[in-house]
Amino acid sequence: DAGVIQSPRHEVTEMGQEVTLRCKPISGHDYLFWYRQTMMRGLELLIYFNNNVPIDDSGMPEDRFSAKMPNASFSTLKIQPSEPRDSAVYFCASSTPGYEQYFGPGTRLTVT
Amino acid sequence: AQKITQTQPGMFVQEKEAVTLDCTYDTSDPSYGLFWYKQPSSGEMIFLIYQGSYDQQNATEGRYSLNFQKARKSANLVISASQLGDSAMYFCAMRPEGGATNKLIFGTGTLLAVQP
Chain A
15 DAGVIQSPRH EVTEMGQEVT LRCKPISGHD YLFWYRQTMM RGLELLIYFN
65 NNVPIDDSGM PEDRFSAKMP NASFSTLKIQ PSEPRDSAVY FCASSTPGYE
115 QYFGPGTRLT VT
Chain B
1001 AQKITQTQPG MFVQEKEAVT LDCTYDTSDP SYGLFWYKQP SSGEMIFLIY
1051 QGSYDQQNAT EGRYSLNFQK ARKSANLVIS ASQLGDSAMY FCAMRPEGGA
1101 TNKLIFGTGT LLAVQP
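Chains as they are written, first to last, in this note's numbering: chain A, 15 to 126; chain B, 1001 to 1116.
Any given hint might turn out to be false.
Said to hold, decoys possible - Looking from chain A toward chain B, a few residues come up when the C-beta cut is under 10 Å (computed):
1) Gly42
2) Tyr45
3) Leu59
4) Glu76
5) Asp77
6) Phe79
7) Ser80
8) Ala81
9) Phe88
10) Pro111
11) Gly112
12) Gln115
13) Phe117
14) Gly118
15) Arg122
Said to hold, decoys possible - Below, a list of computed lysine to aspartate or glutamate pairs in the EDC-like style, where the Cα atoms sit at most 20 Å apart:
16) A:Lys82 / A:Glu28
17) B:Lys1003 / A:Asp44
18) B:Lys1016 / A:Glu58
19) B:Lys1003 / A:Asp77
20) A:Lys38 / B:Glu1044
21) B:Lys1016 / B:Glu1097
22) B:Lys1070 / A:Asp70
23) A:Lys92 / A:Glu114
24) B:Lys1070 / B:Asp1086
Simulated from the structure, these hints should not be mistaken for lab results.
C-beta: ideal position from N, C-alpha, C; glycine also.
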């Protein structure tokens, strides 16, 4: 298996623009997680899905953030409008119940 | 409150020596899992080792072992025979609630530098 795939790997955008991050989980994994990593706040869980259904979005910072999982092999995290404080590395991870999470390579987002 | 604490922001170790990275946790759940991940400078998160709260023996994976002391709520990672490639950030994580949600709570990490 190719592992968790994320795109783009790097994104530079201007404040106010819409940003869409994409994730393809490992085939057969029921759970999908979106994390954000910054120096100040460390690794934060934003939202996770089970069988394509959002289960817990309590980590989503505000209404500018939204996430979808239209099918078992694809998820998006959208920020609209983006702000400089959204600059971070965004990770997607997937897992099967009871097992470790496998992380994607991350998307480094810079908002200027 | 469920929490993971890693009190060592940074550690140094000589190549070929063993090193222990500390991790304590707080949970009232009777069943939980503990994980260690490695994040090298390239940025990816790599799963290293897992310990279940009901496991009788400490987990081992090659040069990695987990020193699990349930009464003290600690899950320290021991790396034996350190190598230069072990230089990385190490995160301890807990999966609470018996794994019902599968989500992880991460600590703040320990930056390990292996010196030649």
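Exercise. Looking back at the hints listed earlier, which ones does the structure fail to meet?
Worked result: 1, 4, 5, 6, 7, 8, 9, 16, 17, 18, 19, 21, 22, 23 and 24
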